[in-house]
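Starting from the structure of chain A, add chain B where the hints point.
Residue numbers (numbering that gives the first Met the number 0), protein chains in the order written: chain A, 0 to 438; chain B, 0 to 438.
Some clues are possibly wrong.
[Claimed, not checked] Here are the simulated EDC-like cross-link-like pairs (lysine to aspartate or glutamate), alpha carbons at most 20 Å apart as the crow flies:
| hint | chain 1 | residue 1 | chain 2 | residue 2 |
| --- | --- | --- | --- | --- |
| 1 | A | Lys119 | B | Asp306 |
| 2 | A | Lys434 | B | Asp355 |
| 3 | A | Lys119 | B | Asp380 |
| 4 | B | Lys119 | A | Glu313 |
| 5 | B | Lys434 | A | Glu389 |
| 6 | B | Lys119 | A | Glu389 |
| 7 | A | Lys431 | B | Glu406 |
| 8 | B | Lys119 | A | Asp355 |
| 9 | B | Lys434 | A | Asp380 |
| 10 | A | Lys119 | B | Asp355 |
| 11 | A | Lys434 | B | Glu389 |
| 12 | B | Lys431 | A | Asp380 |
| 13 | B | Lys119 | A | Glu406 |
Simulated from the structure, these hints should not be mistaken for lab results.
There are 2 protein chains.
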Amino acid sequence: MVAAAPSIAHQSASDLKTLAQRTRQTARQLALLPTEAKNRGLEAIALALESHADAIVAANQLDLQAALKDDLAKPLYGRLKLDPTKLAGAIAGVRSVAQLSDPVGHVHIHRQLDDNLVLKRITCPLGVLGVIFESRPDAVMQIASLAIKSGNGVILKGGREAVRSCTAIVEAIHAGLATTGIDPAVVQLLTTREETVALLQLEDEVDLIIPRGSNSFVRFVQDNTRIPVLGHADGICHLYVDAAASVEQAIAIAVDSKVSYPSACNAIETLLVHEAIAPAFLPDLATVMADHGVELRGDIATQTHIDVAAATEEDWETEYSDLILAVKVVDSAEGAIAHINHYGSHHTDAIVTENDAIARLFMAQVDAAGVYHNCSTRFADGFRYGFGAEVGISTQHLPPRGPVGLEGLVTYKYQLVGSGHVSSTYSGASPKPFKHQDL
Amino acid sequence: MVAAAPSIAHQSASDLKTLAQRTRQTARQLALLPTEAKNRGLEAIALALESHADAIVAANQLDLQAALKDDLAKPLYGRLKLDPTKLAGAIAGVRSVAQLSDPVGHVHIHRQLDDNLVLKRITCPLGVLGVIFESRPDAVMQIASLAIKSGNGVILKGGREAVRSCTAIVEAIHAGLATTGIDPAVVQLLTTREETVALLQLEDEVDLIIPRGSNSFVRFVQDNTRIPVLGHADGICHLYVDAAASVEQAIAIAVDSKVSYPSACNAIETLLVHEAIAPAFLPDLATVMADHGVELRGDIATQTHIDVAAATEEDWETEYSDLILAVKVVDSAEGAIAHINHYGSHHTDAIVTENDAIARLFMAQVDAAGVYHNCSTRFADGFRYGFGAEVGISTQHLPPRGPVGLEGLVTYKYQLVGSGHVSSTYSGASPKPFKHQDL
Chain A
0 MVAAAPSIAH
10 QSASDLKTLA
20 QRTRQTARQL
30 ALLPTEAKNR
40 GLEAIALALE
50 SHADAIVAAN
60 QLDLQAALKD
70 DLAKPLYGRL
80 KLDPTKLAGA
90 IAGVRSVAQL
100 SDPVGHVHIH
110 RQLDDNLVLK
120 RITCPLGVLG
130 VIFESRPDAV
140 MQIASLAIKS
150 GNGVILKGGR
160 EAVRSCTAIV
170 EAIHAGLATT
180 GIDPAVVQLL
190 TTREETVALL
200 QLEDEVDLII
210 PRGSNSFVRF
220 VQDNTRIPVL
230 GHADGICHLY
240 VDAAASVEQA
250 IAIAVDSKVS
260 YPSACNAIET
270 LLVHEAIAPA
280 FLPDLATVMA
290 DHGVELRGDI
300 ATQTHIDVAA
310 ATEEDWETEY
320 SDLILAVKVV
330 DSAEGAIAHI
340 NHYGSHHTDA
350 IVTENDAIAR
360 LFMAQVDAAG
370 VYHNCSTRFA
380 DGFRYGFGAE
390 VGISTQHLPP
400 RGPVGLEGLV
410 TYKYQLVGSG
420 HVSSTYSGAS
430 PKPFKHQDL
Chain B
0 MVAAAPSIAH
10 QSASDLKTLA
20 QRTRQTARQL
30 ALLPTEAKNR
40 GLEAIALALE
50 SHADAIVAAN
60 QLDLQAALKD
70 DLAKPLYGRL
80 KLDPTKLAGA
90 IAGVRSVAQL
100 SDPVGHVHIH
110 RQLDDNLVLK
120 RITCPLGVLG
130 VIFESRPDAV
140 MQIASLAIKS
150 GNGVILKGGR
160 EAVRSCTAIV
170 EAIHAGLATT
180 GIDPAVVQLL
190 TTREETVALL
200 QLEDEVDLII
210 PRGSNSFVRF
220 VQDNTRIPVL
230 GHADGICHLY
240 VDAAASVEQA
250 IAIAVDSKVS
260 YPSACNAIET
270 LLVHEAIAPA
280 FLPDLATVMA
290 DHGVELRGDI
300 ATQTHIDVAA
310 ATEEDWETEY
320 SDLILAVKVV
330 DSAEGAIAHI
340 NHYGSHHTDA
350 IVTENDAIAR
360 LFMAQVDAAG
370 VYHNCSTRFA
380 DGFRYGFGAE
390 VGISTQHLPP
400 RGPVGLEGLV
410 TYKYQLVGSG
420 HVSSTYSGAS
430 PKPFKHQDL
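For reference, chain A alone in the conformation it holds in the complex (with noise of 0.2 Å):
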């Protein structure tokens, strides 16, 4: 079946409600297509992205033209802006989400429960996806090729700043589809602010919501939806410099963990360490972190040791993303740990030591979705752990936890096959046992 593409248009709050249920319609079907279909739904969506690729960036253009004129921030604007090259990575991304393992259809358990009554628990989709993003059109491809190859239908709601460009790119990815079997409509577009509060309050039509942007945005998504939301607000990630460390090894995974990358999640914000090397490192640190325009902020035991402005209370509480470290000095592992436990936001955390004991001790305490010995928090990442792709890094305690590839995606399904099987043979006076025998 080729379905028309449907028009882009500014939905009504009761509009919307019937979008998102043709949405999980449409996802239904998308949900039964073998990996191959969905494969070929991709290709048909990058080559249609080529086909477009002037008009979308001419709609990236005045998106631009707007931007200077609004004066938007350097940094949104630099993420807005899709030049060809740019577009040409993303397009080289539609095809890379072809080559990842399908995550529908996996068999996590078969297990016979009787004679012929056999039980699976199969991945299956989850149906319908709402992401909410700021600036980065390119998210859209991404996204769009992520939800579709883990047959979830998706309705995407970018910024206001990037309008044209996204609808340009939906237009594109609607065209792809529509010479495929898949539902153009699986893919939804919504522009305006009004939207984006409808679409958090869809509980039985979307099924999770995925926002991307500041901390503060994804705070106002979470704490205004009652859809379960992937994602965190803060990454406030700690190193801690253990007694027995390698002063080295220590500074360099502090340089790497702060000034790699200071606006990511998995980059540091305070720095714990002991007592006993505080003498040794603290000098060596300060020197480096100064040469790479890092801003340190020490307690008291730490300010005995270099010159540096005091760290408050609010510091040890602030996700800075910016070149500025707090320092903290501790007299014990225990007491890292606790003041991790206490502050942190259960992102990353990470030890530097010799000593194993103290190591694993570390990495069962600490109450993270990562917990590192001798590494950079850095590593904290779905690419990095090859995953292939991240959706998004979790902080929240139940799974999915830490980054989250296309697994985080899918969901299972028990089926249960038998001929005839009623649950009175197994209960009552002489219950006939059951099995319960993996195959």
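Just chain B now, with coordinates in the frame of chain A:
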């Protein structure tokens, strides 16, 4: 360390936060224990329950006397009763939890990212569980055992009508734990409704809420907390009798699915019948269901075949939890699937058919935690699935979904161990490639 048993007392909201923080702290110690130590704790609890048996049964007698005076509903009264036989069964249950495999410490991912840079994804306890239940004091023993086995602290809130029984049981549990290295504070008991409301607000201290009780009670909990809730409010399960069904099989499965335990969440509420088999099937069904005391209600098409009261829109949305069954004639499997996806609660839905293609379509398209072919919906149960325990049945889309065993009480963390590895090695102008080799 042998700690004294904390006393059980009435908590104010701020006391409760302190109590929950203490529970989390002690749970962090519990999380470090090897399986054998946790199992020794369970055996100590079993022994203490045995030595406190008289006190527990006496406390239960007082609850029962008060219940009689308060005119407690008969089913609640039955569930409240804890005689020596039922208590012995619950104590055997504690020992059987010790036999279950430990859900903590399972390694799901073990991957070399590069030389000497090794990633592990390993299961770990969630932290602190909040379990709120009505009546059934035996639930205290089961839940406390499952919490300890999974390395979690637990805050229990029993029904007002069971307060003396629950208190006596928790005193025994504390006495048992006090003879071991496990801090008794890992198991806490709340006794007032005000505490329930306060507990639901402790999103930083409690990781998972498990409500056990009526649908309206679960819905109240879901509507009044931002903590994840494991469970379901409704169990509207369907059986679809396809055109290609064996009538004899369909009758047997319908009877078992409705009659064997009508108030169970996995009992069916609506029977969907293909129009082609309706003339052969419905009269037999009516006879057999009448023998079992089941009241049938039917749509207009059903009423042309059998003499039943009319089913209204409301019937399709109702969990009767009683010997009542709504019947609707549909013109196709697709019609049945559409009805189920519209009115169902995503719990468990079954098809009876000899047509494998139709069965596959049904199982792929019905959006439920359990999709069954030629067997009773009553198999939807953690014990019947071979999980050894059931902490709840989830009808949400995200995992854990369906019957949840001990694995629902754990999460995972990523452990990354290097020897000074920094991310800048793998980015920039000449990045070193990752190896991403599973070990």
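Hint check:
For the hint linking Lys119 of chain A to Asp306 of chain B, the alpha-carbon distance of about 39 Å lies beyond 20 Å, and the restraint is violated. With a C-alpha separation of about 25 Å, the suggested pair Lys434 of chain A and Asp355 of chain B falls outside the 20 Å cut-off, and the hint is violated. With a C-alpha separation of about 14 Å, the suggested pairing of Lys119 of chain A with Asp380 of chain B holds against the 20 Å cut-off. For the suggested pair Lys119 of chain B and Glu313 of chain A, the alpha carbons sit about 33 Å apart, so the restraint of at most 20 Å is broken.
A C-alpha spacing of about 18 Å is found between Lys434 of chain B and Glu389 of chain A, which places the hinted pair at or below 20 Å, so the restraint holds. Between Lys119 of chain B and Glu389 of chain A the alpha-carbon distance is near 18 Å, which keeps this suggested pair within the 20 Å criterion. Simply put, Lys431 of chain A and Glu406 of chain B have alpha-carbon atoms about 26 Å apart, too far for the 20 Å limit, and the pair is violated. With a C-alpha separation of about 16 Å, the suggested pair Lys119 of chain B and Asp355 of chain A falls inside the 20 Å cut-off, and the hint holds.
Our distance criterion of 20 Å between C-alpha atoms is met by Lys434 of chain B and Asp380 of chain A, whose separation comes to about 15 Å. Note on Lys119 of chain A and Asp355 of chain B: the hinted pairing holds, with a Cα-Cα distance of about 16 Å set against a maximum of 20 Å. A distance of roughly 18 Å separates the Cα atoms of Lys434 of chain A and Glu389 of chain B; the hinted pair therefore holds under the 20 Å criterion. At most 20 Å may separate the alpha-carbon atoms for a hinted pair to count; Lys431 of chain B and Asp380 of chain A meet this at roughly 16 Å.
Taking the CA atoms of Lys119 of chain B and Glu406 of chain A, the gap is near 17 Å; set against the 20 Å cutoff, the hint holds.
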